[in-house]
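The sequence shown finishes on residue 764 if you use full-length UniProt numbering, and the numbering steps up by one all the way, no holes.
I should point out that these hints are in silico values taken from the structure, not numbers from a laboratory.
Hints may be right or wrong, so weigh each one.
[Unchecked claim] Using 27 Å as the maximum straight-line C-alpha spacing, the simulated DSSO-like pairs for lysine-lysine come out as follows:
id : residue 1 : residue 2
1  : Lys300    : Lys261
2  : Lys437    : Lys387
3  : Lys478    : Lys437
4  : Lys276    : Lys135
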Amino acid sequence: MPRLKYGLEIAIEFFFEYKKNCFLILPTENERNKIYKFVVSKFSKLELMKDHFEIVEKGDKKIGSRIKSLIKTNYTKQWENGEISNFDYLLKLNNLSGRTFNDITQYPVFPWILQDYTSETLDLNDTNTYRDLSKPMGALSKERFNSFSVNYNNWTDKKIPAFHYGSHYSSSAIVLHYLVRIEPFTSHYVQLHGGKFDNPARLFQSINFSYEMSSKISLTSVKELIPEFFYLPELLLNLNNFNLGKVNSTGKMVNNVELPKWSNQCIHTFLYLHRKALESDYVSEHLNEWIDLIFGYKQKGSEAIKAGNTFYYLSYEGNVQLKEYSDLNEQNAVLLHVDSFGQTPTQLFTKAHPPKKTQSIRNNKISQNYFWSHPEHLQSFQFKQLKTEIGDFQTVSQNSMDIQYVNKNEMLIPPTYEYKLSWSYPDESFRIISNYKLCTAREFPHFPGKITAVSISENGRWVISGGEDQIINLWKFKSKLIKKTKNKITKLKLDQKLYGHNSIITCLDICSKFGFFVSASQNGSCIIWDLNKKNPTKYFPFFKNNVSIITINQSNGDIILSTGLDLRVYTLNGLLICEKVIEKSKGNIISCIQTVNINNSSHDYLIITGQMKGKIRFWRMKVKNKKIKISQVWKGEFHESSPISLIKVSKDKSKLFYSNNTGIHFLSSLELQRKSKTNNNQLKSETYCNICKSQLISKEKIRICVKCNHKICNKCSSVYKNRNIKFDPNINYICNDCVKINQNIHQKKLIDKNSNEKLSKSKK
1 MPRLKYGLEI AIEFFFEYKK NCFLILPTEN ERNKIYKFVV SKFSKLELMK
51 DHFEIVEKGD KKIGSRIKSL IKTNYTKQWE NGEISNFDYL LKLNNLSGRT
101 FNDITQYPVF PWILQDYTSE TLDLNDTNTY RDLSKPMGAL SKERFNSFSV
151 NYNNWTDKKI PAFHYGSHYS SSAIVLHYLV RIEPFTSHYV QLHGGKFDNP
201 ARLFQSINFS YEMSSKISLT SVKELIPEFF YLPELLLNLN NFNLGKVNST
251 GKMVNNVELP KWSNQCIHTF LYLHRKALES DYVSEHLNEW IDLIFGYKQK
301 GSEAIKAGNT FYYLSYEGNV QLKEYSDLNE QNAVLLHVDS FGQTPTQLFT
351 KAHPPKKTQS IRNNKISQNY FWSHPEHLQS FQFKQLKTEI GDFQTVSQNS
401 MDIQYVNKNE MLIPPTYEYK LSWSYPDESF RIISNYKLCT AREFPHFPGK
451 ITAVSISENG RWVISGGEDQ IINLWKFKSK LIKKTKNKIT KLKLDQKLYG
501 HNSIITCLDI CSKFGFFVSA SQNGSCIIWD LNKKNPTKYF PFFKNNVSII
551 TINQSNGDII LSTGLDLRVY TLNGLLICEK VIEKSKGNII SCIQTVNINN
601 SSHDYLIITG QMKGKIRFWR MKVKNKKIKI SQVWKGEFHE SSPISLIKVS
651 KDKSKLFYSN NTGIHFLSSL ELQRKSKTNN NQLKSETYCN ICKSQLISKE
701 KIRICVKCNH KICNKCSSVY KNRNIKFDPN INYICNDCVK INQNIHQKKL
751 IDKNSNEKLS KSKK
């Protein structure tokens, strides 16, 4: 991505696989463009990169502006419709406007969203709880803003345009101020202050005090926040035990950050409620006003003046003109000022940003057929009867009834699931198989012992295996491009052998998105590993019982561990968030765990557990008595004698699939399907058939498939006949895709039946 540095078009940022990246600063814009052009040319086959390449060829100064506009428009529509969270949308806007975690002078900026940091409880339904997002930080206090306005109106310098605020809402000093407790930011902070920590009274030590200073008290501080305030506990903890000094006026040592009363000084409670506030209806309805100030039409010009939102002219893109300064010292002074005192993000919008459609989203949530929406109506249905134990299964398309499965000691390889990884052969080899053909094999991966645990990354690039030899093997899939769109796996390469356990490996899970994996062994040890550096980053205290299950929430990196009769949730850095002890009973022993995000938020999710005697439970983290606790929200019992071995969620989240020793089953709610009839009254006129994509103009032409719950037209549907369901013309239709799937299932059953009959006859 092309980037600014010192307000100049001289930087470029590279994003590599496995969370590696690089921010490169070049001497001139021309040299930057040459490198960018060279890199883009290597990827010219990709349509996305073609647009970039054409822009570079034409010499457009705003490199990538056209493609950025397309991406931005898509993100905005997704956010308006509630398809992405407020947090994710702000991150995307920051990235498009040139903000990056790789440059503290252009760090991502997030808003203060609350103004109540003193109440005993936080009422998110009270509008007075929230900060006014239509005003910049400097205008929140009328008395203080009057001082800024006087300075603006009395400005007389003809060379430098008038401005309201001499300091900025985002700068390197602000970032280091907030991240002072975390390396390497601590070292940069100390260097900035002459080799020591600043006066303890000026250190970041209280959430409430920081807000009061930035919104009311100080004439030199209009700080906004950084993303870490919504997810990173280490921001608030002095885990490195730095000596931050004593405040003379109070006599208190500066240590952990003082939190609001409503958080009970619990960092996880604060982050949970702070994130919940960010995703609240009030913030969703007013966040567009803050976007107008930071990224939009009120960022500069006459609208910025009206809003009281102007800063020193050198902080804006395009205002740094080194050619105007003949003296080298003057040029360096300008660059130092820009680098030290803050830079305004690149303007993304020139018109008022549309608000989020909160009412439409609420109506849509009612009409969505998510399996968790009405758990009291969930029923279990058998999808596939099997006589052999299943090793893995996946829903491979948006159609929730399209499933692939493999036997025990086999796993499907994402993202296409066309290949499977197989083990437990006489030679203890790893084998990659496609369409019953062997693609490649690795013999004795854990010689002289057996393979005991395997996990494959979601992107299908990494495999980790553990064995009786107490070693963890990190493998990499090698593939080549065929037919321009498909990758053919050709090799399984051993990347690294890792040593950290001294007993048999029991379970593993990997998260390529955040670049780490977790392992556990029989003696109760558990380790978090860095996927890039291939070294351990956290050793958990030994567990009394063996950790039998590890599941990582792939969206936010939370780690869920279980020793059978408990649930423990940790951050990706290994800090305990909460735990739950389950009542002792053989039938309550947890046999598998799955997570699913709800409300399109990576930090709001269900923990789903399968248990030894056929129980399935839904759990959710909630704040109770100012502490985060794991609460059970639903329990179902379907197969008393069959332990649940695997749990998967359909891509459309309408069904919960699970397997046991009798086959594959799914949970679904007929009540949700019946509610589709009511929700048809709320459908917009612009509705399209899920199969042929034709527009469904009148409500009478809209039909809902009883299997996949998609909207379909007359031509792409047929009457669904089922004796157990009373005929209803608005409900009882099945789409052509589901008909084909049912036919395939029926054909497979006939084939199995015929083969069994032939086998029994041959034995006779």
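Now for the hints, and whether the structure bears them out:
| no. | hint | result |
| --- | --- | --- |
| 1 | Lys300 with Lys261 | 38 Å, violated |
| 2 | Lys437 with Lys387 | 23 Å, holds |
| 3 | Lys478 with Lys437 | 17 Å, holds |
| 4 | Lys276 with Lys135 | 22 Å, holds |
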